[in-house]
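Each chain is listed here by its residues.
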Amino acid sequence: MLIKRHGFLLGTLLILTLGLGWRLVELTIVDRDFLQYQGNARSVRTIEVPAYRGVITDRNGAPLAISSPVRAAWLNPQVFIANDQQLTRLASLLNQPLEQLKNKIQQGAHKEFMYLARGLPPAVARDIEALKLPGVYFNQEFKRYYPEGEITSHLLGITDIDDMGQEGLELAYDQWLSGEVGKKQVLKDRIGHVIGEVAHVKKPRSGNDLTLSIDRRIQYIAYRELKKAVERHQAVSGSIVILDVVSGEILAMVNQPSFNPNARVELTPDHMRNRSITDLFEPGSVIKAFSVASVLESGQVTPDTMVDTAPGWLILNGQVIQDLQHNGQLSVSDVLRRSSNVGVAKLALELPENHLYQSLRQFGFGETSNTYFPGESRGAVVQPNQKQKLSIATLAFGYGISVTPLQLAQAYAVFARQGKFLPATLVKEGNQKQPEKQVISPQVSETVLAMLESVVDQGSARRAKVPGYRVAGKTGTSRLAGNGGYYQDKHVATFVGIAPVDHPRLVMAVVIHEPKNGSYYGGVVAAPVFSSVMTDALRLLEVSPDNSRTLA
Amino acid sequence: MRASNLHLTRPTSRTLVLYDRWLLMAALILVTLGLLMVASSSMTVAQQYYQQSFYFLIRQSIHLLAGVIATFIVIRIDTQVWQKLSGWLLLIGVALLVLVLIPGIGRTVNGSTRWIGFGPFSLQVSELVKCWTIMYLAGYIARHRLALRCDWISFLKPLMIVGVIALLLLGQPDFGASVVILLTCLGMLFLAGVRLWQYAVVMAMATAGFAMIAISSPYRLARITGFLNPWADQFDSGYQLTQSLIAFGRGGWFGNGLGESVQKLFYLPEAHTDFIFAILTEELGLIGGLGVIVLFAIIIWRGMAIARRALLHEQWTVGYLAYGFTLWLGLQAIINIGVSTGLLPTKGITLPLVSYGGSSLIVTCIVVGLLLRIDYEIRWKILGLGVSRGKL
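Sequence order for the protein chains is W and E.
Just so we're aligned, residue 46 is where the first sequence starts under my numbering, counting upward by one.
Just so we're aligned, residue 476 is where the second sequence starts under my numbering, counting upward by one.
In case anyone wonders, no lab produced these hints; they're calculated from the structure.
Stretch-level coverage of chain W by chain E, calculated; a stretch enters the list once three of its residues show a Cβ under 8 Å from a Cβ in chain E:
id, segment
1, 56 to 68
2, 84 to 93
3, 222 to 235
Cβ coordinates follow ideal geometry from the N, Cα and C atoms, glycine included.
All chains, please: the whole structure from these sequences, using the hints.
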């Protein structure tokens, strides 16, 4: 009997183990697909893979804005555990005061997601990771870095923490620069740590690179000299724009005051504006070149036609227009060289209705450029009333018109290009399909250019001279308009010039707002800046000196 | 004189085997596999909660060392020593079971009060009690083996004692241990030759009793009905079981490889204790899982063979002791695997020799040691080398 019972029990137990074996087969083989599906539903998650934002380079390929991989550390307070020692270490790695960190975690205690820090350098992130704190996770991100810092900051603008363009070219070309976020499937443990990759659902597509027309070296020279000048003259602000004559490409565009895009502390619009493109001012005498061109183009006068500017003043509509000195009889050339308000006013008054206004519009005033820069100002040209002679006269010497420094450079480039207008661009080869527009005849253009050279040679802009090169240009000193009229003591000093004259290569506009320290004249404040920047820029570009000058 | 006979009958070239090699090998493989799986399944969790990956591995290694030392000691002690102590041991066991229920003495983990602590160590009382109850019952059956076959009283008396112990275990509550000890004891009594109709009555009553206990408590009922369809409530009462089943599914034929389990990463609670078999199958596949089942089948087969041989040589006490231990190990393994594969209701019960747990590992080592000792004594007996043990 005992043997039977022994057999029965042994049999029962072995049958049970066989049953377990079958059940095991059922789970691991038969039900496998269902169970794996259930398992994946709990542990496989799709996460986004950030795309690489395109690099912005200067015309020679030097990087101006690059995305570097960084990591964001985030916290799930529901899972997070750390002792005091670990918290202290974490705080020091995050560069945050311990108390502040504790408060932050305390405040987020009910949440399941909070950022600890973003844009962490990979090395710091690795150190934090090494603490192996439960509930601390990392995301891959990109942070924008600007190697040239404040020198290019206005131009490039900034991106936000999510790598989206917010200002400047980063905003203008955001779509071009941004890539497409990818997706991948990862295996996560139950508390959210990624433990492995399953598959790439969609590869991230990197953004496109953007090559600017800017020449980093010229940009640097312009910035350095502008900063120096603004400091020396205790000016409020200043801008320099340098254009390539042939292509209309902007080689440099700098402003003061500036900001460091890599360490954004308190950013105010005052520091962030790209004044070269956004800020309007009444330019004053630099407009006279266009007035003279307009007069010559009308065919009513020649450069040698004499204008009587005596007695040095003129009354129009009850307002006095004055020259700085008494000039008497002046040729049209001399009107420009001496910068005679009376002379240019008299010439303009002889023009057919709206002729000056039309000319100025053709030179690009009151129009946007080809830069697509966010916040670009188009400016305005006041259309003069034919009966209001004063408004025609003032327009002729640069009031009643608002311009940007870029527009000035763009318009002066016409004289360097045999009368052809080409809008300015910030992108390399951005003007390849842009037709040139003949604004004035080549002869008139040549004539005005010669006149402008005499301004630098013998006129108000002698300080703009560049050794070894012939330079043409015009100064301007205008008063700032405010509430109820023009300020007596707030000026804008301007110089716009072209070099070298016999084979024009560069056009540069220098605008300095409210110089205070001593003189405020364009010829004194702005012209020397032109000279020093142009000297270096021409040498950098290896522009051959004008033979006539070196021989002389 | 007997010794010289031996020389005449056995070739000298053959070594004397005094231990059951199958049993020893199966136990050794299971213990090794267990240590490996405890390490694999607990490292991530240990890092998370103790900031130390090897927290459980180090502890389990210490337990194993203690278990092996205890086994070496037990193997050298005559089983008669235990027999003489069995009454006292049972009393101490019952006292411990009462003690653990007194608030302030027992340690409570996950709502169950099963441990008595000594400084850094804690003892799971039920493991010792299971062992001592079986020792006592084996002795009782040996003494009353003839009366057991006919009279009710002899049959019911040990059942009363086992019943009290089972109730005390339920008080912790430790439903699993209670079921294991009751089934083991019933199995031993069945093998003792109790009349079948008597046996059937008791079985029916025990089943009814457990059924009532199960139904009386809503949490137990939920657990019991939960296993039938864990997917219906997969994020609450069915959570653990569904995660366990997923582990099996992930395993497939050959598993994901050692250390590659996903379910151990906080998905499956108790991955290194009660549900270690699921993780083992996830990492080592159907082949690994079947291997473990076969190893336990070997233990059952060899344990029962040892018991049978002892009875054939009229070594009643050690025979029933061997039956009891084998049933215990076998039933606990079957129940544990049944639970983690969803065939049985979820119960806190460890896989002998494999799961993490100090008391469980040390006591099961001792039990294997005792089985080997019994086998050893019987072999001596058969060889005629045994010292007279007096009447058993």
